[in-house]
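Engineer: Chains as they are written, first to last, in numbering that gives the first Met the number 0: chain E, 0 to 80; chain V, 0 to 404.
Treat the hints loosely; a few may be bogus.
Simulated pairs of lysine-lysine, DSS-like, Cα-Cα distance not exceeding 30 Å [unchecked claim]: (1) E/Lys20 - V/Lys163; (2) V/Lys306 - E/Lys47; (3) V/Lys306 - E/Lys20; (4) E/Lys47 - E/Lys68; (5) E/Lys9 - V/Lys154; (6) E/Lys20 - V/Lys219; (7) E/Lys68 - V/Lys306; (8) V/Lys333 - E/Lys68; (9) V/Lys193 - E/Lys25; (10) E/Lys20 - V/Lys193; (11) E/Lys68 - V/Lys163; (12) E/Lys68 - V/Lys193; (13) E/Lys25 - E/Lys68; (14) E/Lys9 - V/Lys163; (15) V/Lys154 - E/Lys19; (16) E/Lys20 - E/Lys9; (17) E/Lys79 - E/Lys20; (18) V/Lys163 - E/Lys79; (19) E/Lys19 - V/Lys193; (20) E/Lys19 - V/Lys5; (21) V/Lys5 - V/Lys30; (22) E/Lys79 - V/Lys154.
It should be emphasised that the hints constitute simulated quantities derived from the structure, not laboratory data.
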Amino acid sequence: MTTYADILPKLLETLQPYAKKIGHLKETTDLVSELGLDSLQVMQVLLKIEDQFDISIPLNNLPNIRTVKDLGQEIEMLLKA
Amino acid sequence: MSLFEKFLSIQQAREEILQNGINPFHLTIEKINSPTEGVINGRSTILVGTNNYLGLTFHPDCIQAGQEALAQEGTGTTGSRMANGSFSSHNDLERAIAGFYGMPHAIVFSTGYQANLGVLSALAGPGDTILMDGDSHASIYDGCRLGGAEVLRFKHNDVADLDKKLRRLGERSQRTLIIVEGIYSMLGDRAPLKEIVAIKQQYEATLVVDEAHSLGVLGKRGRGLAEEAEVEEGVDCIVGTFSKSLGSTGGFGVSVHPEFEFIRYTSRPYIFTASPCPSVVASTKVALRLVRETPQLRQQLWENAQKLYDGLEQIGYTLGAEVGPVIAAMIPSKEQALGMWQGLLEQGVYVNLMIPPATPNGESLLRCSVSAAHTPQQLETIIQSFSNVHSSFKEQSGSYQSSKM
C-alpha cells in the first residue's frame, strides 16, 4: 500500500519546478499564497499529479487543499479508496 | 477585517483598467437601434459582441408575438410554476422545443444559467459523479456544485483524458454524467462529440450536451452540434438557452428519458424562481419557428462568419478556432488587448474583451460574435477597424505579434 511517506518525495519532485520563486519546498508550503500559482497553473499541476499517481482529484476536495501536506494526504486517501 | 475588504483587490484591478478611460466590463449601450447597431459613448457603434447569431431580436414577428402576449397575459407571472401554476404558454413552449428536437420531454427554465443549474443538479447528486470539460461555462461549474455529486474535470476536448478518468471510476462510470458544450463560448471551438458519444456508450455513462452557442447555428435543422455530428441518439439530454440565436431569454432541457419530467419536482432552480414572463415565452416560440422555417438565416450567418474570419486572418490575427459564429482573435497580452479593444470602440466597433482568469489557457481575446444581420458594409468596417488597431499597435510597440506567431 502506498503511504504518505512514499508519496511525499515524489510530490515534492513534481512541484519543485513551480517553486522557483521560493527555492526550497516544505510540507507546510502553501500552494497558492507561497508558490503564487494561478488557477490555470493549479489545474496544470493537478493534471500532472493525477497522471503520476493514476488518480482523479475531485474539485469538491480542492478547497481543503492548501499545503503540500494536504495534497499528499489527499493523494494517499484517493489511492486507498 | 470587514466583509467588504475582500473587494479591495477588485477595486484596484478596476482602477487600473479605468486609467484607460473606459471600463470594458461595465459598458452601457445608450441606445439599441438594431440587432447589430447601438449607441455607445454617444457614437453609433457596430455590435459584434452580442451572441445575437441570427439577429432575431428585432424580427417583426417576434416583436408582435411579444406585444400581443404582453397585452393578453400581462407583464409577468409573479410566481413559480410549481407553487403558482403554469400558463398555457409555458406548456406550449415546452411542446415546441420538444418538437424542435424530436425528443418527448422538455422543461423550460427562466434563464439559460438556471437550465444548467436545474438539470445538472437534479441529475447528479451525492454518490454520483460528474465529468466536466475543463473549459466549461460557469453555469456548468455551478450546476455541478449545486447537486452535491463528486465533480471531476477532464482536459478540454481531450477524449483520451476523458477515457482515462472514466476507466479510473470503474463501476461508478455507470452513475456518471458527462457534460460538454456544442460550441465553447470563448474560442468558438467545438466538442469532438462523435468520439465522446462512443466513449460514453462504452462506459454506460450519461451524456448531457449544452448547445447554448450551437442552437440555431449548427446542424441541418439548427438543432446544434449533436445534429451536425449525427449523434443525437447517443445524447441523453440537451440543455440550451433562448438568449442567443433565439434573441429572447430563458433556458431549456430536453431528453428522451421519461424520468426527465421528474426534474420539475426536485430541481431548485426550477421550483424556487418566477416562471418566464409571457412576452418572452411568446417571442421565443416565434423565434423557434423562424429557426425551423428560415434556413437562409443560418446560411447568411455562415457566409458572414467566413467573411470576417478570412478578413481577420489576412490581417495577421491568430484566431482561436475554425470558422464559426464565435471568432476570437488571440492577443499577446492583457494590456494590448485592452488597448486594441478601446481602439476598436473608438472606431465604432464593439467586440467582447476577454482576459484571464475568464479565458482558457490564460489567453487575452478580442471575441467577435457574428450575426446573420451584419451587412456586408458593416463587416467591411469591422475588418478595416481590426486592421487599423493591428497596424497602430505594431507601430507603437514595434513588436506586436499574434500570440501564436
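Engineer: Report the numbers of all earlier hints that the structure fails to satisfy, in ascending order.
Structural biologist: 1, 2, 3, 6, 7, 8, 9, 10, 12, 17, 19, 21
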